[in-house]
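Produce the complete structure using the sequences and hints provided.
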Amino acid sequence: MHVTGPRSEVRLSGVLCGFVSWWCVLIAIALVVSPVVHADEIIDRVMAVVGTQIVTLSDVRMVQVFGLTNGPQFTDSRPQATGHGPQAAAADVLQQLIDRDLMLQEVEHYAPPEPDPSDVSRALSEVRRRFPDQAAYDRALVDNGIDDTRLRAFVRDNLRLRAYLDERFPPPPLPAESEVVEYYQTHPDEFSKNGKALPYNTVRDDIVTRLTESRRAGLIKDWLAGLRSRGDVTVVGTGE
Amino acid sequence: MPRWLHPAGIVTLWLVLGLPSGARAQTSIYLGRPITSVHITLAGQEAQDAQIEELLVTRVGAALTTADVRETIEHLMSLGRYRDVRVHATESAGGVALSYELLPRQEITEIRFEGHLELSARQLRSAVTQRFGAAPAAGRIGEAARVLRELYADHGYFSATVTPRVIGRRDTATLQFDVEAGPRAHIAAIHIAGTPRHPEASVISGLGLQVGEPYDAPDLAARITRYTNELKSEGYYEAHLDSSTAAGESADALVLTVTVNPGPHVTLVFEGTRLPADQQDTLVPVQREGAADEDLLEDSARRIEDYFRAQGYRDASASFSRERQGDELRIVFHIRRGTLYRIASVAWTGAGSAAAPQLAANLQPRAGQPFVQARLDAMVAALELGYRERGYTDAKVVPVVQPVDAPSNDPPGGDDPPAGAVPLALRTAINPGVRTIVDDVALAGNTALSGAVLRNVLGIVPGQPFYSPTVARDRDALQALYANKGYESTTVTPQLGFSDDHSRVAIRYTITEGPQIFVEHVLISGNTRTSTALIERELRIKPGEPLSLQAMTESQRRLVALGLFRRVQVTELRHGSSTRRDVLVSVEEAPSTTIAYGGGFEVEMRPEANSETGAAVDHLEVAPRALFEITRSNLFGKNRSVSLFSRVSLRPEAASYVPGVSPADQASYNFSDYRVLGTYREPHLFGTSADAIATGVMEQGVRASFNFAHRGASAQIARRLSPALSFSANYALDRNHIYDERVSPSDQLLIDRLFPQVRLSSFSSSLVHDTRDDAINPTRGSLMVVNGQVAGRAIGSEVGFDKTFMQASYYRRLPGFPNIVFASDARMGLAAGFPRAVAETDADGQPVLGADGQPVLVEVRDLPASERFFAGGDTTVRGFALDQLGTPATIDSNGFPIGGDALVILNAELRIPLWHSLGVVGFVDAGNVFAHVSNLDLTQIRGAAGFGLRYQSPIGPIRIDLGFKLARRELAPGRLEPLTALNISLGQAF
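Chains as they are written, first to last, in this note's numbering: chain A, 1 to 240; chain B, 1001 to 1990.
Do not rely on the hints blindly, as some may be mistaken.
Said to hold, decoys possible - If you want a taste of the chain B side facing chain A, the calculated C-beta under 7 Å gives, among others:
(1) S1028
(2) L1031
(3) R1033
(4) V1069
(5) I1073
(6) M1077
(7) D1084
(8) V1085
(9) R1086
(10) V1087
(11) H1088
(12) A1089
(13) T1090
(14) A1137
(15) A1138
(16) E1143
To be verified - Calculated from the model, a selection of chain B residues having no Cβ within reach of chain A, i.e. all distances over 10 Å:
(17) I1029
(18) D1068
(19) G1139
(20) D1281
(21) F1320
(22) S1525
(23) A1590
(24) V1697
(25) M1698
To be verified - Not close to chain B: a few residues of chain A, all C-beta gaps over 10 Å, as computed:
(26) S125
(27) A176
(28) F191
(29) G195
(30) L198
(31) Y200
(32) L219
(33) D222
In case anyone wonders, no lab produced these hints; they're calculated from the structure.
All C-beta atoms in this analysis are idealised placements derived from N, C-alpha and C, irrespective of residue type, glycine included.
Quick look at the structure:
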């Protein structure tokens, strides 16, 4: 820096003051909003109360991490988010857990048969396969506050629910041919490959399966809606 | 300056790197780090609650884990006090600081309706509370609004809007429904469809409908039901009406269509054997049920057959046919009674025939009786059961019924058979088979409970006859035993190993115990006034102990028995772990202050002095009375209670007789008798199982021969030794003042002249054994009381005595007449005064001087009047007016009772219900009062008999008793005792 006289000194002081002032302001802002110094985190909370059972934020995370839910028939471990973004996915999981608790309370009245232990073990193995190795799986158990026994019990209840739903909602009658054709004609995008429509004969069975499953899902959905209206459900959080 | 040093760049870099942790994804950075502190905040305020702190699983110094945090949330939410629990983690030196933010649950304490309701608020509130309770859960508010919308639609408000809102304060909230009822639909037109019997206008008029009136679905349904019932009463038993609505020309107009299908007019006809008129409606309840469907007619035919077969017509048959002729339906019952069969002889054959008559005692058919197949089947079943209970598992009883003479041939067509019964010989063959004896009872698979403990609950032992239901009972007993030790999933599988000839069986119970469940935490919620320690003292479940169903049930029973709670619920909570459960005890406290008040009147026969002769004359007295009681319970949360009871009765004028003053000269006054009683109760005195009761009393009252004023205080310790047995010890200090004596001075006891006012200091104790099912109106059980009292000058009493009173009551329902209760009671009182030398006084109260001029001393052994026994009246011997029963030594020359030192009372009563709450009784009472114990003579007992009416009011039985003396004494030459005594009062006589 070259000092040439009083005017230079004034200009130098002004620049220095401005620089320091800016930094003071920014540091103050940083201190106020700094997540490092005031790292307050809600690590768990109540998300919903279903009768006497509660659903916590850790329950939602656990189900997401282990892929334990998939719509009302959450017996498969394939994850299926219905919204966009992690918040929507968590909210979706919360609603499914609420439905699950309502169903379990209903199902307890009828004492469904105990699932075969080999089926439970098989389902548990599928859950384990989501993790690269045993260490990662064990770490996930600890981080999510459960152990193998509790996870096994969760999977077992899923299988019990599936057995109950299979018994209570057997496959509905096959759709009429006209319905199948109508579906084929009104959903062309679903039955085309490389821009070309697939022949009806090759997709007919698939359409029949979709219609049947859709009807069954509709019946289950109506039943769940009835459970919700009769049940005592309070949603406290939103799944964030 | 380098660009990266530019403040904006620095800030941008920081924002990118320093992500707010609130938005961090799944795993917290704090997991695994040591907890440095744990805080609790309630509604934003720091809270310190030992009960909450006990529920925290996360501990200072331990590593933070998700499992501990979740379990803590579950514990806190189980209390039922919070709507949310949020766990905050903050960086702190050396670890992480935890803060549990508790958000109180807002309990709905008020339901309000605002807006244009049109329907009454009471109706709306009823619709909500009946379905959802007085405090609907937050999750059901939407459902409650839907119910209200449906209610409005039912009443014609199809466009009503109902919006629920919760207006919260700290921990209570108001549920408000904002209602806009909108316009109400009205009936614009009425159409009658179907096949009505009458013109449309007549049907509309019969239904009470009018065009223009508001639409109301429940009202319409009621009118339709009424019209349908009218049709049925006219014989149109298959009448059916439906209604439907369609939109009218305007938005609130409805077109109502009622479809009337009266069905045919039904006539019942009985052909063949005549059915008694008084049985027709019972056996064929077509008119009563208002229906004539196939099921009812088939049941009726069966009932007719059963009716005749029960009289011995074993071939009775009944069928029905329906004959339709236009609008008429004729239901014809074809009844054929058949031949009457009677049992001519009964014989038993087979190996087990010797025991058969004993086994079938009550069911065994006898010669001469009508033959009823159903009774024979019942006898066979009872015999086979009897043999099987004795180990004959394959017992067979085969009855053979054979006509003794050839049966008469009934002509076809159903005409009644000729007179005379067909005799039948009944021969029952009994083959008991092999008797099976239990050879061995083995237990396998038990490790937690020893064989000796398990065998204690088994009913089957080796050597006993084998009966299979006892195996199931023993299995259930074993499972119950395990359940009460915390083994909720124990299974017991019995296996039976029979010998080749089935004469012996080995029973083996294979037990799969399963895990034992333990209580981890006992959570108590709902108590605001009652101390937690008091509740914990009554609990039979403790943390760390096995979870026992029996202990949970007993805990609930003990809490209910405290009388402090309106509701008590003990439930188990599962939180992840398969072998640990929390137990939640929820209580709803009853109001701590109760006020009772009432009024009524007392009606009884009392002796009153004849104005001319002064002789006692029985007089029916009616005295109005009022009472008031206030009780404050659960003081300081420790189940202490304090109560104040007061009662006052007004006696009519001239109720008291002033000696020496003619009633005409008496100033008229109303004498009031009153009683004021203050009680303080301290349960579990000094932590023991004994209760302490301190009582203070002030009272003034009227007896037959004197008035009295009593002031006293007592202290009692009572302890329940068993559910039926209790013991109490008591100290009392009393001051009694006797005045306005009606007993003639010449008959007055010296002690009464010397001690018109007496201070008594006494100890007493009681032993009570009470197994009655109801203390106010018992129907079974017994009550036994033994009471002993000692008053002594050494402890401050002016007069010393000892007194014993014993009572035994017994109640039972009569066998064969379960509605009739037999009640009996026996009482005996024995007392003796301690000798005391006192100066004799004359009738004027002046001391009698001896020859030496000194007062003459006499020994008195009598009890003061307030402690002597009296009998006669509504609770002792009912043919006598109040206190009027006694030997001549205990009744003065005018007929006023003096009382005595010994008492015997015997009562017996039959209590018969008549109709609803009304009943009658018949009773016999006996007893007497004797001057001294040495005078007690059972041959001098006097009796009375009578009857009474009972009305079971909500507060107890109101009774009117009229007693008649069995033998009347001559009071004066030519004047006998009155024959009867009338009493009206509340409660049973004994």
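How the hints compare with the structure:
| no. | hint | result |
| --- | --- | --- |
| 1 | S1028 | holds (5 Å) |
| 2 | L1031 | holds (6 Å) |
| 3 | R1033 | violated (11 Å) |
| 4 | V1069 | holds (5 Å) |
| 5 | I1073 | holds (6 Å) |
| 6 | M1077 | holds (5 Å) |
| 7 | D1084 | holds (5 Å) |
| 8 | V1085 | holds (6 Å) |
| 9 | R1086 | holds (4 Å) |
| 10 | V1087 | holds (5 Å) |
| 11 | H1088 | holds (5 Å) |
| 12 | A1089 | holds (5 Å) |
| 13 | T1090 | holds (5 Å) |
| 14 | A1137 | holds (5 Å) |
| 15 | A1138 | holds (5 Å) |
| 16 | E1143 | holds (6 Å) |
| 17 | I1029 | violated (8 Å) |
| 18 | D1068 | violated (8 Å) |
| 19 | G1139 | violated (4 Å) |
| 20 | D1281 | holds (42 Å) |
| 21 | F1320 | holds (41 Å) |
| 22 | S1525 | holds (12 Å) |
| 23 | A1590 | holds (24 Å) |
| 24 | V1697 | holds (50 Å) |
| 25 | M1698 | holds (53 Å) |
| 26 | S125 | holds (21 Å) |
| 27 | A176 | holds (31 Å) |
| 28 | F191 | holds (38 Å) |
| 29 | G195 | holds (39 Å) |
| 30 | L198 | holds (40 Å) |
| 31 | Y200 | holds (44 Å) |
| 32 | L219 | holds (21 Å) |
| 33 | D222 | holds (16 Å) |
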